[in-house]
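Just so you know, we're using our numbering here: the sequence shown kicks off at 8 and counts up by one.
Don't read these hints as lab results, they were simulated from the structure.
Possibly wrong hints are sitting among the right ones.
What the hints assert, rightly or not - Straight-line Cα separation of at most 27 Å, DSSO-like style, residue types lysine-lysine; simulated pairs:
no.	residue 1	residue 2
1	89	32
2	98	119
3	32	104
4	116	98
5	110	98
6	22	119
7	116	89
8	119	32
As the list claims (entries may be wrong) - Derived Cβ-Cβ restraints for the label pairs, each shown as a range:
no.	residue 1	residue 2	range
9	35	126	36 to 46 Å
10	29	77	15 to 25 Å
11	22	84	15 to 25 Å
12	119	36	32 to 42 Å
13	64	20	14 to 24 Å
14	54	34	26 to 36 Å
15	126	36	35 to 45 Å
16	100	125	14 to 24 Å
17	102	29	31 to 41 Å
18	102	54	29 to 39 Å
19	55	31	16 to 26 Å
20	124	74	36 to 46 Å
21	66	37	10 to 20 Å
All residues carry an ideal CB built from backbone N, CA and C; glycine is no exception.
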Amino acid sequence: MPDVKPNISVEYTDKATIISFTDRKILEERDIRSLQASVMSVVEQGEGINLILDFGNVEFLSSAVLGLLIRISKRVVEHSGKLKLCNINPKIYEVFKITQLTKVFEIHKDVKSAVASLS
8 MPDVKPNISV EYTDKATIIS FTDRKILEER DIRSLQASVM SVVEQGEGIN LILDFGNVEF
68 LSSAVLGLLI RISKRVVEHS GKLKLCNINP KIYEVFKITQ LTKVFEIHKD VKSAVASLS
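Let the sequences and hints guide you as you build the complete structure.
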């Protein structure tokens, strides 16, 4: 079994921590567990994190990812932080609308507008 590599890249800026998902598809339970461990380790680094999740590379995701996003959001709030999502593929955005998650998450067009919303 190959080593599971983190499927994210993390960029730290003065205003926010930006996590970009590097996989086109996030479907497998193994990948979702790996993502959860990777993202949560970033969230746990301190209080008041401004976290931006960039979905620019993602074309497909399973419904289990939606549950993961809710868990991430809960943990960010527990750490007095803010969570923003951006660059969501239109087809995936439709799923967010149908499931009413557009009311739960603050979704931006791109990283720049997500960062600007933190001011």
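These are the hints, each one checked on the structure:
1. 89 x 32: Roughly 25 Å separates the two Cα atoms, so the pair holds.
2. 98 x 119: Holds: residue 98 and residue 119 sit about 21 Å apart, inside 27 Å.
3. 32 x 104: The given pair, whose Cα atoms are some 20 Å apart, holds under the 27 Å limit.
4. 116 x 98: holds (14 Å)
5. 110 x 98: OK: residue 110 and residue 98 at ~17 Å, within 27 Å.
6. 22 x 119: holds (11 Å)
7. 116 x 89: holds (17 Å)
8. 119 x 32: holds (24 Å)
9. 35 x 126: 36 to 46 Å: holds (37 Å)
10. 29 x 77: 15 to 25 Å: Roughly 22 Å apart at Cβ, these two residues keep to the hinted range, so it holds.
11. 22 x 84: 15 to 25 Å: Taking Cβ atoms as reference, residue 22 and residue 84 lie about 18 Å apart, which means the hint holds.
12. 119 x 36: 32 to 42 Å: holds (33 Å)
13. 64 x 20: 14 to 24 Å: This hint holds: roughly 19 Å between Cβ atoms.
14. 54 x 34: 26 to 36 Å: holds (33 Å)
15. 126 x 36: 35 to 45 Å: holds (38 Å)
16. 100 x 125: 14 to 24 Å: The hinted range 14 to 24 Å holds for residue 100 and residue 125, with Cβ atoms some 21 Å apart.
17. 102 x 29: 31 to 41 Å: This hint is violated: roughly 20 Å between Cβ atoms.
18. 102 x 54: 29 to 39 Å: holds (31 Å)
19. 55 x 31: 16 to 26 Å: With a Cβ separation near 32 Å, residue 55 and residue 31 fall outside 16 to 26 Å, so the hint is violated.
20. 124 x 74: 36 to 46 Å: violated (25 Å)
21. 66 x 37: 10 to 20 Å: Holds: the Cβ-Cβ distance is about 19 Å, inside 10 to 20 Å.
Comparing the model with each numbered hint stated earlier shows that hints 17, 19 and 20 do not hold.
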